[in-house]
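Enquirer: Dock chain B with the ligands against the given chain A, drawing on the hints supplied.
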Amino acid sequence: MKEYYLGIDVGSVSTNLVVIDEACEVHYSAYIRTNGQPLDSVKKGIREMKNSLPSDIKIKGVGSTGSGRQLIGVMVGADVIKNEITAHATATAHVVPDVRTIFEIGGQDSKIIIIENQMVVDFAMNTVCAAGTGSFLDHQSERLGIPIEEFGAMALTANRDVRIAGRCTVFAESDMIAKQQFGFSKAEIIKGLCEALVRNYINNLGRGKRLEPPFVFQGGVAANIGIKTAFEKEINHEVIIPKHHNIMGAIGSAILAKEYIEESGAKTNFRGFEAADLDFEPSTFECGGCSNNCEIIKVEMDKRVVAMWGDRCGKWTNL
Amino acid sequence: MKVSFPYMGTTVVYKKLLELLGHDVIMPPKPSQRTINLGVKYSPEFACFPLKVIMGSYFEAIEKGAEVIITSGGHGPCRAGFYEQVHQRILKEEGLPAKFMVFNSMFRDFNNFYDNIITLKGKNSWLKVSRSLLLVYNMTKKLDKLEKQVQTIRAYEVKKGETTRAWEKIQDLFDRAYTKKELEGAYAEGKKLLDDIKLIEVPEEKKLRIGIVGEIYVVMESSINMKMEELLGNLGAEVERSQYLSQWITYNAIPSFINKTHETEILEKGGRYLPIQIGGHAKQTIGHIVDYSERGFDGVVHLMPFGCLPELVSQSIVPKITEELGIPVLTLAIDEQMGTANNTTRIEAFIDLIKGKRAKKIS
Ligand code: SF4
Ligand code: SF4
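Keeping their order, the protein sequence lines are chains A and B. So the first sequence is numbered by our numbering: it starts at 1 and just counts up by one. So the second sequence is numbered by our numbering: it starts at 1001 and just counts up by one.
The shape of chain A in the complex, shown without the other chains:
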């Protein structure tokens, strides 16, 4: 019987599940829209996974990452709960061992990770400005009436360069309309938008950092060939896109779980595929203990409190 490791990445937009084997090869992966319901999306993911994997499969360890890592970690019984930066870097260093710079652009956020000798030496995260993330493109694709999937290929057909001010989504929009009136084609506008996004991203996250090749580009937006091309133009160097570019976080957390289990010899905390059927109830309440009025998140399993967080004073967490 083969042994496997499960990695779960719960973000605000998507939830990814990945199963890897001992050689860190991906055996199964699934992508589910989170829709603001991390618990339900993971439950759904686990059910689907159970149905598509052989029944005698043995999960030896589980890792969780992403903004919902804590909650999901408690629910499935994760052995390792890790932040997104570490998870992403782990996965990338596994596929491209000599990677120096990781560009990661997702739907709602983006990050840059600088690596030296397989160690993270610097990183930055953008979580406030939409202009450097996938949602910038989603927005414009809607305006132009061109599905986002066709965006990249279309950008490549552009004949001329057009510079679109992309400092911020609002500016980009009005500038885009202006450029359309100047007679630039949709393809050219799209190319301009891709370049604006990349410029923004580099200005925002790359500031003060030395960007060295090999460059790896991952995250949902890496599927967009237009952005890849724009990156290559901006940094004047080839950019590698890993095969599993959009599930790197989940792969990384699975690898971290594997390393942890191997090093510690521990038995996994995984609750099994039945985790999908557990009566798992998160709720929030406001603590009136002081004028902070913290919103406390309480998670109950079968009516028993299994975790609490969100307090500023430790009153609930340390219970």
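Errors might be hidden in some of the hints.
As the list claims (entries may be wrong) - Using 27 Å as the maximum straight-line C-alpha spacing, the simulated DSS-like pairs for lysine-lysine come out as follows:
no.	chain 1	residue 1	chain 2	residue 2
1	B	K1320	A	K209
2	B	K1169	B	K1141
3	A	K60	B	K1355
4	B	K1227	B	K1148
5	B	K1159	A	K267
6	A	K315	B	K1064
7	B	K1320	A	K315
8	B	K1355	A	K267
9	B	K1002	B	K1123
Hints were generated in silico from the structure; no laboratory data involved. These numbers were taken from a predicted model, which means no experiment stands behind them.
Expert: Positioned in the frame of chain A, the structure of chain B with the ligands alone reads:
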């Protein structure tokens, strides 16, 4: 007269001094979301974050009956130099006129310093005043000593939260001490509390040490910096702050020709990267990063209040220092959205980065 002061760090000390001089002290509440909301509401939008929080603090102190607010003047040319004018004017506009008493370093403006002292002295004899000052100074030193122990052992406590609880108790003990003898007693008892905490054995080479630097208010006041010291401690790192009250007093109240303080040294170290004083604590920030690097710390967390120009400058110098000295630095912007999950992610990733550097791999 009913006096109050901005809430920052171990407030028992200011309270004590004023009480010893026979004043009626109104303790401002520890900054909470309400304080911040009040501050944000009444301050100019583009003001830096500390100005806003302190503004909120004053509103709360006045609600509780404060008539006079005692504060220290800041270093120009940044906004700290006109803090009290802004605060005073806003309070006045809101119909809450409070008297301000601003202490600047006595070396800069002795007359003003003297006038303030006379007002505070009231009918007390000079002997009483100097005794009180001495007691409070000793208290600060003792508290800082215990706090440093807190910052070390928190990383290794067996029972989560035990050290923090002990530290709260210690501040309470000191709050009840009014004489030299009581102070000694409080110290001994506090020390014992800390010594009794059970710790996990961690081999020396596995210990992590992180320095916290930045603008004084966000560094000193845990309620607005996501409890950075606790957060790092819980992740297994010992911490040290760039600012402690006793150091501040030594630097501002003892002439430098008889007392080459730690801060003078720090400023010299900072001068390598930032030759001039640009206000706030930018030069200290830089100096402390250099200092922590020389002392073999594993990393530095740099706290930058939103809207703070001096720290924005120091942030831009950080990459150069990291490149030359190799010390990892994480800059975090502190604003009214306290304790965001994103900053926790950054801190966790930063600790991983440091551990990975040790283990020579991503961990
Ligand atoms: S959890 Fe703690 S800090 Fe938050 S409101 Fe309750 S008592 Fe206050
Ligand atoms: S140092 Fe920064 S935060 Fe402090 S007063 Fe000056 S500008 Fe404001």
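Enquirer: For the pair supplied as a hint, B:K1227 and B:K1148, confirm whether the alpha-carbon distance does not exceed 27 Å.
Expert: 15 Å, holds
Enquirer: Please work out if B:K1320 and A:K315 have their alpha carbons no farther apart than 27 Å.
Expert: 41 Å, violated
Enquirer: Is B:K1169 close enough to B:K1141, meaning Cα to Cα at most 27 Å?
Expert: 17 Å, holds
Enquirer: Please verify whether B:K1002 and B:K1123 have alpha carbons no more than 27 Å apart.
Expert: 16 Å, holds
Enquirer: So if I understand the rule, the pair passes when the alpha-carbon distance is 27 Å or less; does A:K60 with B:K1355 pass?
Expert: 25 Å, holds
Enquirer: Starting from B:K1355, check that the Cα of A:K267 is at most 27 Å away, please.
Expert: 24 Å, holds
Enquirer: Please work out if A:K315 and B:K1064 have their alpha carbons no farther apart than 27 Å.
Expert: Within the cut-off at roughly 26 Å; holds.
Enquirer: Would the hint linking B:K1159 and A:K267 be met if the CA-CA limit is 27 Å?
Expert: The given pair, whose Cα atoms are some 24 Å apart, holds under the 27 Å limit.
Enquirer: Taking only the CA atoms, is the gap from B:K1320 to A:K209 under or equal to 27 Å?
Expert: Holds, because 10 Å separates the two Cα atoms, which is no more than 27 Å.
Of the numbered hints given earlier, the model fails hint 7 alone.
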